[in-house]
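Note that the numbering used here gives residue 168 to position 168 of the sequence shown, counting from 1, and the numbers run on in steps of one.
Honestly, the hints are just simulated from the structure, not real lab data. Incorrect hints may have been included.
Once the Cα atoms are required to be at most 16 Å apart in a straight line, the calculated EDC-like pairs of lysine to aspartate or glutamate come out as [unchecked claim]:
no.: 1; residue 1: 47; residue 2: 99
no.: 2; residue 1: 95; residue 2: 128
no.: 3; residue 1: 100; residue 2: 120
no.: 4; residue 1: 100; residue 2: 117
no.: 5; residue 1: 176; residue 2: 117
no.: 6; residue 1: 47; residue 2: 126
no.: 7; residue 1: 276; residue 2: 5
no.: 8; residue 1: 276; residue 2: 168
no.: 9; residue 1: 46; residue 2: 128
Bear in mind the structure is a predicted one, so any value in this text is a computation, not a measurement.
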Amino acid sequence: MQIIDYKHIHGTELRPGYVAIPELHRYKSSVQQFIKLADLDIVLTKKTAFLYVDGFSVSQAESGICKPVNPAYQLALKTGSSYIAHEWAGTFKNKELLEKVDIISSTCAAGVQAIYEASELIYSTDIEEVIIIGGERTTDDTIRLFRELRIDVNCGDGFFYMRLAAGEQISNINWKYVHNQNPFYFAKADIDKLKPVTPVDYVKLHGTGTASNTEAESGIAELGKQIMYKHQIGHTQGISALLETCMVLSDDSIQGKIMVAANGLGGFYGSFILDKQS
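Make a model of the complete structure from these sequences and hints.
Okay, here's the thing in structure tokens:
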């Protein structure tokens, strides 16, 4: 596949427990905010599928319909990923060309799954372009989840938009699932199954910095020069792989073949090769 357009925003301001996008309002709908911050104007020109990438959950704050009040009175209708995806699709121009809308919600590996699903659509159906969008805004629930899981890293706000079509820039797409009694644990032998058959220059690791994840990724980390962003932008959830891919694309110092890897809660993991030539 080929990335024909992309935009991204990541957190830049360190706050207690997370890295914030300072312009992002906590309790207003995120869709219009991200459209403004990213200067987005999405016009469909071909048969298109839209994949909305979600992480672990979406809170009332994300939909922008509730301010912090007594939880007993908080509405739940507009709090789910399906509503947010619908809101995004409603902003597209030439919506009659939108053939499919789907939600990818496989935690931290959702971005890699979205690449896999996009490839299936482009090469197995009459879909000509795929738009992938994901946005995350840190809430108290997010910070509490990371603390309960003892993941010693700041959470992070973030957003990305990516448009894909047929091409050769993205290849060697791996999307896998492994069952383990501990849904937070990946064995090195599992992650090693992502190793490509051809050499790479860089490896964009999932890179949480936790001891178990560092050990699990130690094999693929030896394949090329390591790229890790979570220490800088915080740990976004479902969008992390593709937000960080956008950061790779925007860094002129990174050239060559980059293996992008991600793994997440529940046994979902995967990778793909990004060919970035000058």
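Name the hints, by number, that the structure is in violation of.
none
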